[in-house]
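Chains as they are written, first to last, in numbering that gives the first Met the number 0: chain A, 0 to 498; chain B, 0 to 502; chain C, 0 to 99.
It is possible that part of the hints are untrue.
As the list claims (entries may be wrong) - Example chain A residues on the side facing chain B (calculated, C-beta under 10 Å, incomplete):
#, residue
1, Pro51
2, Pro96
3, Lys100
4, Asn101
5, Phe102
6, Tyr126
7, Arg157
8, Ser158
9, Pro298
10, Leu300
11, Glu308
12, Trp309
13, Glu382
To be verified - Restraint ranges, calculated between C-beta atoms of paired labels, are given here:
#, chain 1, residue 1, chain 2, residue 2, range
14, B, Asp422, A, Gly146, 32 to 42 Å
15, C, Thr73, A, Ala391, 37 to 47 Å
16, C, Thr73, A, Ala226, 56 to 66 Å
Claimed, not checked - Example chain C residues on the side facing chain A (calculated, C-beta under 10 Å, incomplete):
#, residue
17, Leu15
18, Asp66
19, Leu68
20, Pro70
21, Pro74
22, Glu83
23, Val84
24, Arg88
25, Arg93
26, Ile94
27, Leu95
FYI, nobody ran anything at the bench for these hints, they're computed from the structure. For each residue, glycine too, the CB sits at the ideal point set by N, CA and C.
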Amino acid sequence: MTVTTLVSYDDAVAQFDPVLGLEVHVELNTVSKMFCGCSTEFGAEPNTQVCPVCLGLPGALPVANESAVEAAIRIGLALNCSIAEWCRFARKNYFYPDMPKNFQTSQYDEPIAFDGWTEVELDGETYRIEIERAHMEEDTGKSLHVGGATGRIHGAERSLLDYNRAGVPLIEIVTKPIEGTGAKAPEVARAYVTHLRELMAALGVSDVRMEQGSLRCDANVSLRPDAQAEYGLRTETKNVNSLRSVERALRYEICRQATVLADGGRVTQETRHWHEDTGVTTPGRSKEEAEDYRYFPEPDLVPIAPSREWVDELRATLPEPPAVRRARLQEAWGFSDLEMRDAAGAGALPLIEATVGAGAAPQAARKWWSGELARRAHADGVELAELSITPAEVAQIQAMIDAGRLNDKLARQVIDGVLADEGSPEDVVTARGLEVVSDDAALGTAVDQAIADNPDVADKIRSGKVAAAGALIGVVMKQMRGQADAARVRELILERLGQ
Amino acid sequence: MNELITRSAVELAELLAAGEVSSVEVTQAHLDRIAAVDGAVHAFLQVDAEGALRTAADVDARRAAGEALAPLAGIPIAVKDVLATKGIPTTCGSKILEGWVPPYDATVVKRLKEAGLPILGKTNMDEFAMGSSTEHSAYGPTRNPWDLERIPGGSGGGSAAAVAGYLAPLAIGTDTGGSIRQPSAVTGTIGVKPTYGGVSRYGLIALASSLDQAGPVTRTVLDAALLHETIAGHDPCDSTSIDAPVPPVLEAVRNADLSGLRVGVVSELRGEGYQPGIEARFDDALKLLTSAGAEIVEVSCAHFVYGLATYYLILPSEASSNLAKFDAMRYGLRVLPDGVSDPTAEQVMAATREAGFGPEVKRRIILGTYALSSGYWDAYYGSAQKVRTLIRRDFDAAYEKVDVLVSPTAPTTAFPIGAKVDDPLAMYLNDIATIPASLAGMPGLSLPSGLADEDGLPAGIQVLAPAMADDRLYRVAAALESMLLEQWGGPLLSQAPELEVAR
Amino acid sequence: MPPEISRADVARLASLARIELTDEELDHLAPQLAVILESVAKVSEVADADVPPTSHAVPLSNVYRADELRPGLTPEEALAGAPEVEEQRFAVPRILGEEA
Chain A
0 MTVTTLVSYD DAVAQFDPVL GLEVHVELNT VSKMFCGCST EFGAEPNTQV CPVCLGLPGA
60 LPVANESAVE AAIRIGLALN CSIAEWCRFA RKNYFYPDMP KNFQTSQYDE PIAFDGWTEV
120 ELDGETYRIE IERAHMEEDT GKSLHVGGAT GRIHGAERSL LDYNRAGVPL IEIVTKPIEG
180 TGAKAPEVAR AYVTHLRELM AALGVSDVRM EQGSLRCDAN VSLRPDAQAE YGLRTETKNV
240 NSLRSVERAL RYEICRQATV LADGGRVTQE TRHWHEDTGV TTPGRSKEEA EDYRYFPEPD
300 LVPIAPSREW VDELRATLPE PPAVRRARLQ EAWGFSDLEM RDAAGAGALP LIEATVGAGA
360 APQAARKWWS GELARRAHAD GVELAELSIT PAEVAQIQAM IDAGRLNDKL ARQVIDGVLA
420 DEGSPEDVVT ARGLEVVSDD AALGTAVDQA IADNPDVADK IRSGKVAAAG ALIGVVMKQM
480 RGQADAARVR ELILERLGQ
Chain B
0 MNELITRSAV ELAELLAAGE VSSVEVTQAH LDRIAAVDGA VHAFLQVDAE GALRTAADVD
60 ARRAAGEALA PLAGIPIAVK DVLATKGIPT TCGSKILEGW VPPYDATVVK RLKEAGLPIL
120 GKTNMDEFAM GSSTEHSAYG PTRNPWDLER IPGGSGGGSA AAVAGYLAPL AIGTDTGGSI
180 RQPSAVTGTI GVKPTYGGVS RYGLIALASS LDQAGPVTRT VLDAALLHET IAGHDPCDST
240 SIDAPVPPVL EAVRNADLSG LRVGVVSELR GEGYQPGIEA RFDDALKLLT SAGAEIVEVS
300 CAHFVYGLAT YYLILPSEAS SNLAKFDAMR YGLRVLPDGV SDPTAEQVMA ATREAGFGPE
360 VKRRIILGTY ALSSGYWDAY YGSAQKVRTL IRRDFDAAYE KVDVLVSPTA PTTAFPIGAK
420 VDDPLAMYLN DIATIPASLA GMPGLSLPSG LADEDGLPAG IQVLAPAMAD DRLYRVAAAL
480 ESMLLEQWGG PLLSQAPELE VAR
Chain C
0 MPPEISRADV ARLASLARIE LTDEELDHLA PQLAVILESV AKVSEVADAD VPPTSHAVPL
60 SNVYRADELR PGLTPEEALA GAPEVEEQRF AVPRILGEEA
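Here chain A stands alone, though its shape is the one from the complex:
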């Protein structure tokens, strides 16, 4: 295939109307697996959390984890879904070494939750996303591809399988086609996944850490000439491992598909793979024919028929909906609409909340998370929550500022230290000697030196040009490596010079 220059994004969305579909997998944080009593802890030694059931040994049988079913129902309710009165598990049959039984126990035409919706806010607009279904299934094992150059499947000599993750409960959430997002499609997708992450965290059902795989997204997109036309052929993009990737991958796919269509070609309906490093999607292995999963109801499990009483009980345990929570917090914190929107957009709300809980003033918390820290996260290409600084630490730093032990500039240096894993804020202040000096003796010496070195400026001040003190303050600050209490320095200067 020849490399063509891609149509620009703006041109793409000018010519075509994107339609999205998002499939998000949420790994539940239950103690044990979906169908057996093995641990779901992340990071254990390989094949230490397995049993005949999750290893798919001949003769083993599954038994459904009640907490997983409960979580599935709560997720469905939080997404305004109907909860099935009666549903079953089904076998999805295909061969792959990371699936011990060579079928996945999932749900097919009888999902536990269906026909829901959720609202996502972006740049002041609200998008209503229709939810097709949320269903229960089990995760696969993990393969390590060895022998090749890149550690990826392509070119590997063999693969090593660890089944610790096999059988961990997953909830798959599938949207109905998302229309009407226009040029904002990639951002809406990102906002939706962010929103789901918030919801799952609020429900307490998952760690929702994309970098650990407890929240995964497959992004589908198709283009059509306009909103009245039929849906176009769509592609499904996998390996979208962060919120950023959701947006970038869709942007790329839209450009790529637009290029194909503008050229008079047809989009190949296929699965593609996103590459974060090169910023492109590549086609998956083309198969001679579509996989036929031969779904049938799982005979080793019995139907799930959640009573309406149980569903009502669970409904009462739902946390307040995000929109309601946001309104409440905005009022409590006194943020403006714009401040609130920026904070939400940066994914900072839970962090601000925790920082306020640790004692900081809301505006201060917002300033750090929405401002400095958001900038750093963006520069490093990570999510805010992934930075190695905690809300408690941010609150500690703010407290030091409030107590006059740090100024803004010094605080940023403390943040540097904490992010570099040098320790707690106190540790960093001590190790780097960053504390503001307010000791009059030390300051006085520096002030005297500055006055002596800058007689002209000193004269100006003596003659009443108080503003010139700024220059002397600068000299002192420089001399003291920014650690002087600027306000006190000013006072001392003016005192010395009779003002």
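On the provided structure of chain A, position chains B and C as indicated by the hints.
Below, chains B and C without anything else, positioned relative to chain A:
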């Protein structure tokens, strides 16, 4: 031959309780028998002499110490090689599991161990329980103790032959469409398929998950009832197991009164295709039942004629999925494809499954894959599941009028080895009478009704009952058994030719 | 109309089922399966649209286990039957996989 081995389990238990014989002696007697005749019969794939004797010695010690023991403690038993036994190779009669040693015990096996029964070994079977003659075992056929040139039935021919040939007083079989009942019919033993869900399937390597059940294979009805109680009951490891008390099967044997019992004869399960000698013994049995106070009623279950078709769609479909796990990646056989350097996992899977599965297994996997595939699902698998409902409704309607149903267990006596092995459809017909109850999840029992006149080989009569009414099977069987014993002047098996002992 | 199943159909099904059938097997399986299919096809005649399917013989529902840990297998037990082991993992030949 040591006459200990001709005793029933209950008789042996009495001897053990009275201290007249030890479990080690009983177990050793059976091990000796196996050594003497199993070269010819080939009932066993694996004999665990050491393990069996160790258990026997342990039970003897506990008995001597005055411990309270389960009724069958110390009585040796054979287990069909489809049940996982920790530390003992479990092959399901297939090459693909040759040498596989399970790291865990099936629940049924656990219960046998807890009750103190020494496990003699694992018995031969049609590969992955697919068959009615044990000719599809990858390890060679088992031979019928009545005539070593004939089949012992299948898929559980090994367990039935072991019990019929006195290699074990008791055995565990599994029944999906008749794999306990039909071998019992052709070997003159008693075989029971409990209500689906009555016995745990945890550790029972699955053929058709919605049909499989483990059950007793014995020489007397009382033995079967005791073994039934030992293995049955709810298992939290099996979602399909019934959480209710085991039906009172022992009590039913002890109070086998048939007065007023309404017995239904299914008109669709006799006549054309059934050997005359088998029908003759069946009719004789009906007369005995009448003499004992039962009322015989003709019933029609019109959809039973679709039973075979329904079964041979559901079973292959579920089996094709259940057998997918045998792929050379985690256990079992691994075969590399010929002439391919650096094969892929997919190629190794395909080469292994080609080499490791026998023709009947491959046939059913392909059939099942077809029946489930898109475009055909509704016509085949989907339709079969509906006809299953119709068959169950036929049973429900029948049980409004009668308490139990009876039929010949199998349409023919033991046929010669090789006679049907190349004709799959002819082979499938062996299960025509046993399949309906399997599809409905209802219990069934086969007991010997006598010898067929034309060939002098055993015929079986099948008793069927509603779900959870397993006790009715035992009530009828116990009454019939005692009347037949009287008629025969002793157990039917004593009419079998003596097996030649290997020198 | 009796169902038709061709040699090519069987080959495709064998591929789906990951069984490398020989030419000989492909030759005689197709007619064998056709005969079987013909006899089982009659289920679709009697299966009415409004007959509910039975996938479970017993009418059980809502069977659960509590979300608790239960002892499993040691890695040695889990890997004991493995054709090949490397770094406490199951070693398998190269997987063709999803990526081109």
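Against the structure, the hints come out as follows:
no.: 1; hint: Pro51; result: 5 Å, holds
no.: 2; hint: Pro96; result: 5 Å, holds
no.: 3; hint: Lys100; result: 5 Å, holds
no.: 4; hint: Asn101; result: 4 Å, holds
no.: 5; hint: Phe102; result: 6 Å, holds
no.: 6; hint: Tyr126; result: 34 Å, violated
no.: 7; hint: Arg157; result: 9 Å, holds
no.: 8; hint: Ser158; result: 7 Å, holds
no.: 9; hint: Pro298; result: 4 Å, holds
no.: 10; hint: Leu300; result: 5 Å, holds
no.: 11; hint: Glu308; result: 21 Å, violated
no.: 12; hint: Trp309; result: 18 Å, violated
no.: 13; hint: Glu382; result: 35 Å, violated
no.: 14; hint: Asp422/B with Gly146/A: 32 to 42 Å; result: 49 Å, violated
no.: 15; hint: Thr73/C with Ala391/A: 37 to 47 Å; result: 40 Å, holds
no.: 16; hint: Thr73/C with Ala226/A: 56 to 66 Å; result: 59 Å, holds
no.: 17; hint: Leu15; result: 6 Å, holds
no.: 18; hint: Asp66; result: 4 Å, holds
no.: 19; hint: Leu68; result: 5 Å, holds
no.: 20; hint: Pro70; result: 8 Å, holds
no.: 21; hint: Pro74; result: 5 Å, holds
no.: 22; hint: Glu83; result: 8 Å, holds
no.: 23; hint: Val84; result: 9 Å, holds
no.: 24; hint: Arg88; result: 4 Å, holds
no.: 25; hint: Arg93; result: 5 Å, holds
no.: 26; hint: Ile94; result: 5 Å, holds
no.: 27; hint: Leu95; result: 6 Å, holds
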